[in-house]
Structure formats: C-alpha cells, structure tokens
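Top to bottom, those sequences are chains A and B.
Following the numbering used here, the numbering of the first sequence begins with 13 at its first residue and continues without gaps.
Following the numbering used here, the numbering of the second sequence begins with 13 at its first residue and continues without gaps.
Because the hints were derived from the structure by calculation, they are not lab data.
Cβ atoms here follow ideal geometry from the backbone N, Cα and C, with glycine treated the same way.
Heads up, some of the hints might be wrong.
[Claimed, not checked] According to the in silico footprint, chain A covers these stretches of chain B (three or more CB under 8 angstroms from chain A):
(1) 27-39
(2) 192-206
(3) 213-225
[As the list claims (entries may be wrong)] With the Cβ distance kept under 10 angstroms, some of the chain B side facing chain A (calculated, not the full set):
(4) E42
(5) R130
(6) P169
(7) K230
(8) S240
Number of protein chains: 2
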Amino acid sequence: MILPTAEIVCLGNELLIGVTINTNGAFIGEKLTKLGYEVRRTTCIRDNLELASAFLKEVFTRKPDVIIVSGGLGPTYDDIQIEVLGKALEVPLIENEQALNQLEEYYGRWNFKLSKERRKMALFPKGATILNNRVGGAPGCHLRYDEMDIFSVPGVPTEMEDILLNHIIPILGKKVENSLFELKFQILNCSESEIASCINDVKTHFPDLYIKSHPAYKDKMGIVIHLSGYGETAESNIYKAKEELTKLFKIKAPSLIIKDFKD
Amino acid sequence: MILPTAEIVCLGNELLIGVTINTNGAFIGEKLTKLGYEVRRTTCIRDNLELASAFLKEVFTRKPDVIIVSGGLGPTYDDIQIEVLGKALEVPLIENEQALNQLEEYYGRWNFKLSKERRKMALFPKGATILNNRVGGAPGCHLRYDEMDIFSVPGVPTEMEDILLNHIIPILGKKVENSLFELKFQILNCSESEIASCINDVKTHFPDLYIKSHPAYKDKMGIVIHLSGYGETAESNIYKAKEELTKLFKIKAPSLIIKDFKD
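I would like the entire structure built from these sequences, with the hints used as guidance.
Here's what the structure looks like:
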C-alpha cells in the first residue's frame, strides 16, 4: 500500500546540543502515522538562516505530501522559522492581521503592549493561513507550495500540540483514506535474538505489516512486540500474525510469558 | 570560531512513528557539543535499505568531520544498519573475527549458541574497526571514509552510551582543541517576550556566545537562560554576559527573580 508521505523538521540548536530531547518529533510522528502518513524523515536543524533555508529547499525537492516545521516562532533573535520559510519559499513576509489580533488578545490578558519582539510573531510568508495558538503567543500557519502542505508550529510542546490537534490533524484527516490499526504485546523470559527468527518468518507471511521487536520499550520489562498496518485487511492480518508469532515463540522459548498491555 | 562538524543519524521506524522518543540523538549531541563539535543535523530515517543508503550518501556529500549512526545493529530482519553502511560506502560486508569472539563470549554466558540471527551481528563493512559492546550483543564499529570518521552504534540506549563513552569520545577527544564552557540560570516572574530585547542586545555584544532563553526547560519553572561558548575567552565572556543580562532583566521586569541551578 502506498501511503502519502510526510517530513518533520525541528528547528533549534537546543535539540542538537542535547539540552532538549525532541519529544515534538515523536508526538507529531505518532499522530501523522495514525492518520495514515508514512513519516519519511525527522530532522533537527540549527537556528541558522542559510543552513535551515537550504535544508528546506532540499526537503521540497523530495516532495513529501506534508511538511511540519516546529520551533523558532518565538520573540527572541534566534527564533527564525518564519524568515527561514520566507527565504526557502522565496516569498516576502507580511504582517498578518489575524495573527496581530491573536497576539493583542493574548498579551492583553496581562495588559502587555505589543513590543517589537512580540509584534514580530505576526509576520508570516505571503499566502499563509494563520492557525491560532490558544496556549501561547505565537500563532502557527499553513502554506500550500508545489502541491505540498507545509505547516508551521511553535517548539513549546503544549503550544505545538494545541495547533497540531486542533488545526492540522483535522485539515489532514480529510485528505487521507487509510488509518492505522495496531497491536502491542509484551514477552518476558527470553532474549531478542532468541525470537528473531520467528519474527523474520512471520514477516514473510505478512509483508504489508510492520512487525517489530523492541528490547527497550519505555519502562516495560522484557520485549515489546509491535504490529501495525493500514487498509481493510490490517486488523484481521494482525490477529493472525500475532497467533503465528506466539506459537513460534513458545516453540523457541518454552518458558516465555506473553502479556497484553496498553500504552 | 570554526568548529569541526558532526551529523547524527538515527535509524529506526520506531523513531518516526513516535513509539520511541529519540533520547539517543540528545545524548550523542550533548557529548559531541561538549567535546567541541558543532552538531549540524540529527536525522531519523526509516529501516529501508534504499532510502537509508541514499540518505547516507547525501550526508557524505556534506563532509561533516564526524558521522554517528545509531540503531539497527540487532538480530531482526529490520536491523539493517550494516547493510546500509556497506551499500552507501560501496564496500562488501565481511564476518569480523573480533566481533564473532565478542558475540560468542556474550551469548556464551547463557550457553546460547551463535544462531544465524546472532552471527549476523559479526558482519561489518570491510575496513571497519570493531568497538566492543560490554552491555549487549551487537558490537559497534569505526570507519574512515573520505576524511570523515563514521561510527556505528546500537539503538538500545545503554549499549549506545557504553560504546560512545568508552570508545568514541576517547578517539574524538584527541582530535579537537576547544571544549565547551557553559552556564545556565533560571528566571522567574517574567515572560520570554518581556526579556527578549535584553537577550537581543547582549547577544550583539557577544556574537561568539550562544545565548538562549528556554521557556520550557525540562521540569523547570519560569525561563532558563543558557550561555555557552568555546575558546579561551568563553568563560570570562559568559560571566560578563550574565552580568549584563541580569542588569537589563531587572530594568525590564523589576519583580523578576534570578536563581542559579545545576542540571
């Protein structure tokens, strides 16, 4: 099954120097995957206008259906996402009235004036549709370019999540046909290399499914087996694959314990 | 100051679909940054031989001094890092005796035999130097190619950390001259946009320093200010910049509270 593709771009030195763990990439990746997109790359890049705009032009040549750019929408000198987008898209930046109204309303709650630094967050590439931010100051935006949907979101996780869930997912939801079906279970009392051949075998019977063993899955003990797929047959195939896997696992490792779980 | 550059490549669908948060990228990024490297990009890519090897060839054209590839060294069908490296470097894979010995020793602890799936972890691109893994099965490796240092490490964090800290950092430590000096402090009772102009001003006096405000820094309240730099003058400049910042902050937001902290 050919899925529409997506790339996630996370802008910010803090991600590259290890001050911030890129939870945004995982959050956005999970939502896009569940919606029916194949996330091809997640890239963290530096707050450098030349490097970042050249990188975005490079992404455009790969023509993913969706590009989500997170980070760098704030008020400080290194918040350069909008400049990067303008340079990569070769369009001028324009002060957007809807964004200005949102910023005035947001900072007005504390009787703060729109200083130069706050007003900067109302600048957007020409042609952008504003996506209001209900959690913080900086609005996001949506751009269409060369048949791609480009979305711009803040780097602060709560603000990114608000714009992603309330604006972006509903827009993209209308464009995709296949959502994801998935199942996870946990196995204890065995090593990954012991059951690797079982997974390899079952995978050949279900080439369209993603079957993956995770020896280090969050805080879970043992190994987590993750099955997922798209389309009408995914659900029934996943149950069949699970049955085959558990049979083979018990032959390879008779003392193995199987546990269902929810994330 | 021109620093040697690095790219981090994290291989694994689980990173793109949001099942795993990419803590490895942050860990490796932090260690390389402290050592004196500018980490230019961290990219998560899929377990797809064609896409991943094409991606690595693309990295080679940028000629970073160091490339660290993490993930995909295990025993399952989708653990394809070594194949990806071989294809990108256009060199054959060879069973490595040192790696085979390490695997025999590791699995021997439980009287496990070297099955086909375990033996696969002894395959390496021709010319690779093996980096022993003391925590798990799969060894890492070091390759020199077109004046770049390429290091291959597992995706399981404890195994990656062992190889990075015990093999890679000592090798790279001999190649760099400038290590990082940094300082963080916390400010409470103000918003980021309130103090943005102070940071912009001070940044112009210290163009070589990295000065960054983090409105969402780990579990910290308020805003964390992070200053860092390389070279002989970094330490004294950072203290001067902090002094300038705190003076300006107190003018802009008189009720602001400043707190020192350690990570």
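Practice task
Go through the numbered hints given earlier and state which of them the structure violates, listing their numbers in rising order.
Solution key: Failing hints: none at all.
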